[in-house]
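> So you can see what is in the structure, the chains are spelled out below.
There are 4 protein chains.
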Amino acid sequence: MTGLGNTRLGKTGLGIGLIGTGYMGKCHALAWNAVAPVFGDVARPNLAMLAEASQDLAERKARELGFARATGDWRSLVTDPAVDVVSITTPNAFHPEMAIAALEAGKHVWCEKPMATKLADAERMLEAARTSGKVAVLGYNYIQNPIIRLIRRLLDEGQIGEVNHVRIEMDEDFMADPEELFYWKSEASSGHGALDDFGVHPLSLIWTLLGGVRRVFGHMAKPYADRPIKGGARRAVETYDIATTLIELENGASGIIALNRSAWGRKGRIFVQLFGSKGTIVYDQERMNEVQIYTTDMPKDRQGFRTILASPLHAPYDKFIPAPGHGLGFNELKIIECHALIRRIDGEAATIIDFEGGIRIERIVDAVARSAHEERWIEVESGEERRAA
Amino acid sequence: MTGLGNTRLGKTGLGIGLIGTGYMGKCHALAWNAVAPVFGDVARPNLAMLAEASQDLAERKARELGFARATGDWRSLVTDPAVDVVSITTPNAFHPEMAIAALEAGKHVWCEKPMATKLADAERMLEAARTSGKVAVLGYNYIQNPIIRLIRRLLDEGQIGEVNHVRIEMDEDFMADPEELFYWKSEASSGHGALDDFGVHPLSLIWTLLGGVRRVFGHMAKPYADRPIKGGARRAVETYDIATTLIELENGASGIIALNRSAWGRKGRIFVQLFGSKGTIVYDQERMNEVQIYTTDMPKDRQGFRTILASPLHAPYDKFIPAPGHGLGFNELKIIECHALIRRIDGEAATIIDFEGGIRIERIVDAVARSAHEERWIEVESGEERRAA
Amino acid sequence: MTGLGNTRLGKTGLGIGLIGTGYMGKCHALAWNAVAPVFGDVARPNLAMLAEASQDLAERKARELGFARATGDWRSLVTDPAVDVVSITTPNAFHPEMAIAALEAGKHVWCEKPMATKLADAERMLEAARTSGKVAVLGYNYIQNPIIRLIRRLLDEGQIGEVNHVRIEMDEDFMADPEELFYWKSEASSGHGALDDFGVHPLSLIWTLLGGVRRVFGHMAKPYADRPIKGGARRAVETYDIATTLIELENGASGIIALNRSAWGRKGRIFVQLFGSKGTIVYDQERMNEVQIYTTDMPKDRQGFRTILASPLHAPYDKFIPAPGHGLGFNELKIIECHALIRRIDGEAATIIDFEGGIRIERIVDAVARSAHEERWIEVESGEERRAA
Amino acid sequence: MTGLGNTRLGKTGLGIGLIGTGYMGKCHALAWNAVAPVFGDVARPNLAMLAEASQDLAERKARELGFARATGDWRSLVTDPAVDVVSITTPNAFHPEMAIAALEAGKHVWCEKPMATKLADAERMLEAARTSGKVAVLGYNYIQNPIIRLIRRLLDEGQIGEVNHVRIEMDEDFMADPEELFYWKSEASSGHGALDDFGVHPLSLIWTLLGGVRRVFGHMAKPYADRPIKGGARRAVETYDIATTLIELENGASGIIALNRSAWGRKGRIFVQLFGSKGTIVYDQERMNEVQIYTTDMPKDRQGFRTILASPLHAPYDKFIPAPGHGLGFNELKIIECHALIRRIDGEAATIIDFEGGIRIERIVDAVARSAHEERWIEVESGEERRAA
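Residue numbers (the working numbering), protein chains in the order written: chain H, 36 to 424; chain Z, 36 to 424; chain B, 36 to 424; chain L, 36 to 424.
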């Protein structure tokens, strides 16, 4: 029997710093814990340090999530020599400052989406990433689903021909109750509403599956004019829980993006319909282990939508489960993303949205908002033009 | 044993004249044949006369469909004394002339949708109907589905509160194959494309369930630039197989209408999502005997979309089948419509879209087309304003 | 313009006598009314006479359903010279007497399933049919669904290879409420319960799709020991609302038939799963316009259950609707059955279960009941052996 | 900033020994890695030692899965002082020897299902567990699904009244291809076939949700008589890929269990239908984040099956994700099971199947096999009777 020190493995693995321990912070922590045993081809990360708003909270969370050290000062984390990669999972407004500081300290950055609350800040983040030469990626985990990768493969193979029409809906119901107390998501300072809260997800799918967006026409709506505040009075809602957008893609396809965070009964629905010259693909995030495809390569009287269940044949599902149809969970997409990040850091190709891709998404969101305000189609500025400017 | 002459029944029933025996002509004929035995509360109609393009064809079809006499001249039909109601099921371009002639001859009119290919013609038809005082209704059979009537009842009861967002998609795939020969549906003379071919159906549902549309922003797209013609060359497509529209309803709700007649795999899909302040309703025409509803009147941990199957509790399903879950068919909706028409003629209330309602739908289609052309929101002219003009 | 007498058509069409005007009686009447206009290739039947329990009721129903004459004495109907075919839709206990009388009078018979409440009676009916040489068929309309015909074609083509395992469930909920008053369906005189009430439908599908049953092992259960009677007391239930059966088919396949008429929420479910050496077929009667098929003739990573929607490519759907995905209704299956009957009378091949097939089904029901009683596997007597005896 | 040694956490957590690193071995390892950060209320386990067939393999796997030490000799693991709990994930035939050795060494045991390949061995394991006083549980992870826990709660609350009929199907297709090479699963030495390979899962659900089974009648079938071996010849199949069983539960309900590991297209289907006096519950493991329930506590015309999506309201989903409808994966059920095991070790109540429950399941499997052989109903021996013997 031989002793195998965790130490040695710890030494070779990347040093991880985590800022934030909310929904996504925990999700990052779970991914860092699991990525080595799941994939078996990367060194076990060294969970070096965790930062939270206070030292006490940081220590408690470090203990829970398995981090070695804790701090109440995120700045000390981004400069800590034991840290190679910084996971940023704080509220969006903090992303620019933290990401730029981390990049300037020579760390790789894994920042939750969206990049920032203002396009200008996102542009600064991109600039910092370019200057640093470090890997700077975003937490767009929906695109990591093996089923989404299968869709991409099916598209690349031409199984549904040329895609000419796209519809993506994203709906949840956490803002659906008009009698729930007014909170910050209804304040203008939080952004536009569903558009920036949700819109980046459909756009990340479009970007991953189909490429760029040429122009947009947006509309935003408030299902409820006001909401109650404590004491019984009501306060006017300042954000738009509903956003609908007509789009034209760079590949010529037309489409629609519809977003509603007041959609009773929808919990995590992202409904995607891709219409092509030879078939159609339909996907629903609420049943994330399935995809439907209609193809025309069989006699007409037996064509139909085919439901493909996720299986080990759809990498990297096989790294999780060797049996088909057993199903991955939402959190496991973050483990795949974490693996992609490590591969990028190792200089290998990996599907993940970096700041170059992220800025494309942010620019579209910005264009939609302006379009809704100005009631006209807006051309989305491409990165090239912008860089040329 | 007593003899009961068909004759006597024939005398008391309405005299029917049918013009056209294509898809919808046969559907009308089946409805006129079935309405009395299905409902049991109306006299058996007298299938008096059938008109087709030629005398030969008319005679053959009369024999098949059970009509007593046949003619190759529709004008003789609309003035025939044995005819009380004229079913008009010819191509849309013929509707105005025929409907106006029938109304002027003092006949009731049951005309297939849409009213006409030009808004001005539809306005003339409405004028003729008003002048005649006769019943003039349109063939919008989707709204006759007992499940749609259930939806209306659920809405009226406030089961999902105030509807604040609407999405309706209508998709079929009869234009989906880019290699199918160019035919008249791709010619500009046939209309805009999906917009007028399909759009009236979603609009008939909106009109029936939610009321009027305030303003629209449309977009139309061609999935295929050209299609083959005989001999191997290709001809440029002039119509738009795809149309997407942002809408605002008079009740304040926002929404989307998306139409695609090149949607591979969709056969008769009309997908309706109605989001309200207390719940959501979802309906798919391809599963027309079901509706899904999400309501919030139960503990949160057991809320979910509930699939209600059509049953005898949803009138007039009971007139067809006394057992639940057995399912009506598309053609049977026309029998229900036929019954509603007879009730209207008898001076009773009945849900059916008459020319007054139909013109509302035609005006919206017109507004969407202009909007797509002018790339701006267009207010839909209400009947009142228009009449004032 | 030429007059085309209904008379002439009436003369050439079959003369119809209908006994019974309940659920199935109306369904037969609708079919006789519609079969000519729907199919266009048969002469319009002459709805000659209707029999009901009383002359008054018969006259009222004749008026509603379009029959020329009415009688309170079914015996006068079966011998009436104007009647060529007798539709028998009375309670099952009356079938033998009526069918035998009609056959002896030289009429064709269209009798609702099951043949009789006792196997011996069914055997007598078969004997009468053989002696008469007339067409004697049963009302097994589920097998007339174009989707079931598609399934049969797929099986014949070997699309799923050799079928080696079958599961059929039939569930409704009209007996599900334990507090509903005791009525005749809970009396022993009505039969075994779900077994004979329902079981013939799954067996008709097995017979149509797969052939004979070799042996059975049955079990029957009472979900409720008693039910209330008027006055507040309760009466012991004598029939079995649940029946489960293990089967072995003549083709070697194993299987299960599960029946439950106390299955809350199931309205018209007949759920069929056919497992083969190369694929699987799944069908649900509650979505009767769809079938799912899984085949293995494509790369493994994109195999999945394919949902085929009924379309004009699945004859005789095309006789009803020229567009796919629009859906037939339950009642329309009876029209197809009616057409098959007319073809049989005309000496043509047609898929319909005649008394020869029907007796096979009755024998299996009988075997299951005996098996449940004796708690042992029972071999189903084949017709050949029986005839030899 | 304060240093928090992993060491300290390591000291307080349980010491884990893992035997086996196949499908379930990795699944256990992932669970031990994740249980502390997911739940946040248990000390981080100390992954002390891993055993595999050889020292080399053990070391490689220890490195991948995060274990500190490795051994090629499982006996040294079960006696190692750093080990508190032994995860046994080897082929079933090894379970008895390993589990008994571990229990005798004073370790807690977490053994994958089923207990053993022979009932007598399972009984010895139970005896060892009783003698040791240690926690001895089985890996029945399907019952850990928050949705299954919800079903249990719904049943306990009487939402569907008294359950009177149960159907459970378990189908996969890894044995569906008749042309795949003969391998050990077709050898008699591997057991009966689908019955013991699959049957324990449905039985674990019945045991968890409804309690004991009174008697059974089984049948087993071979879809394929033989399979190819290398060289082109074929070898007779000795096991049964299909098993069907009629059951009666101790609570009086009747039911069916149907198992098929040659079911093309089914990947991880466990389809559960629970029929009660006031409603019905339906669950499909392939959509493990959903359950359907039909209840009768609303007006009849709007009753329907309601699909409830897993959410944080269904503990312990909330420990994984704070948002509803995002979905857990199959592997995450093992993390929940791991947490339940730790709670048991800590002396707290937790839903998990221990050896006392496991033996009930094994006895039913044994009874079904005997029943199929003897072609008669077999009463399942209750633990009490058996102990008395």
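No wet-lab data here; the hints were simulated from the structure.
Incorrect hints may have been included.
Treat identical chains as interchangeable: a pair holds within one or across any two.
[What the hints assert, rightly or not] Quick list of in silico lysine-lysine cross-link-like pairs, DSS-like style, CA-CA up to 27 angstroms:
id : residue 1 : residue 2
1  : K265      : K169
2  : K313      : K335
3  : K257      : K220
4  : K148      : K354
5  : K265      : K313
6  : K265      : K354
7  : K335      : K265
8  : K153      : K335
9  : K220      : K148
10 : K220      : K313
11 : K148      : K313
12 : K257      : K148
13 : K257      : K153
> Look at each hint and say if it fits the structure.
Verification of the supplied hints:
1. In this homomeric assembly, K265 and K169 never come within 27 angstroms of each other (Cα to Cα): the closest approach is 47 angstroms inside a single copy and 53 angstroms across copies.
2. With identical chains, the CA atoms of K313 and K335 are at most 27 angstroms apart both within one copy (13 angstroms) and between copies (20 angstroms).
3. In this homomeric assembly, K257 and K220 come within 27 angstroms of each other (Cα to Cα) only inside a single copy, at 13 angstroms, whereas the closest approach across copies is 39 angstroms.
4. For the homomeric pair K148 and K354, the shortest alpha-carbon distances inside one copy (26 angstroms) and between copies (22 angstroms) are both at most 27 angstroms.
5. Taking the shortest alpha-carbon separations for K265 and K313, only the inter-copy value of 21 angstroms comes in at or below 27 angstroms, while the best intra-copy value is 56 angstroms.
6. For the identical chains of this complex, K265 and K354 are neighbours neither inside a copy (49 angstroms) nor across copies (30 angstroms), given an alpha-carbon limit of 27 angstroms.
7. In this homomeric assembly, K335 and K265 come within 27 angstroms of each other (Cα to Cα) only across copies, at 23 angstroms, whereas the closest approach inside a single copy is 61 angstroms.
8. Taking the closest pair of Cα atoms, K153 and K335 never come within 27 angstroms of each other, the shortest separation being 50 angstroms inside a single copy and 36 angstroms across copies.
9. Taking the shortest Cα distances, K220 and K148 sit within 27 angstroms of each other inside one copy (16 angstroms), while across copies they are farther apart (45 angstroms).
10. Proximity of K220 to K313 under the C-alpha cut-off of 27 angstroms is restricted to the inter-copy arrangement: shortest distance 20 angstroms between copies versus 42 angstroms within a copy.
11. In this assembly of identical chains, the alpha carbons of K148 and K313 never lie at most 27 angstroms apart, being 34 angstroms within a copy and 31 angstroms across copies at closest.
12. With identical chains, the CA atoms of K257 and K148 are at most 27 angstroms apart within one copy only, with a shortest distance of 24 angstroms there and 34 angstroms across copies.
13. Taking the shortest alpha-carbon separations for K257 and K153, only the intra-copy value of 22 angstroms comes in at or below 27 angstroms, while the best inter-copy value is 35 angstroms.
The structure does not agree with the numbered hints 1, 6, 8 and 11 stated previously, though it agrees with the rest.
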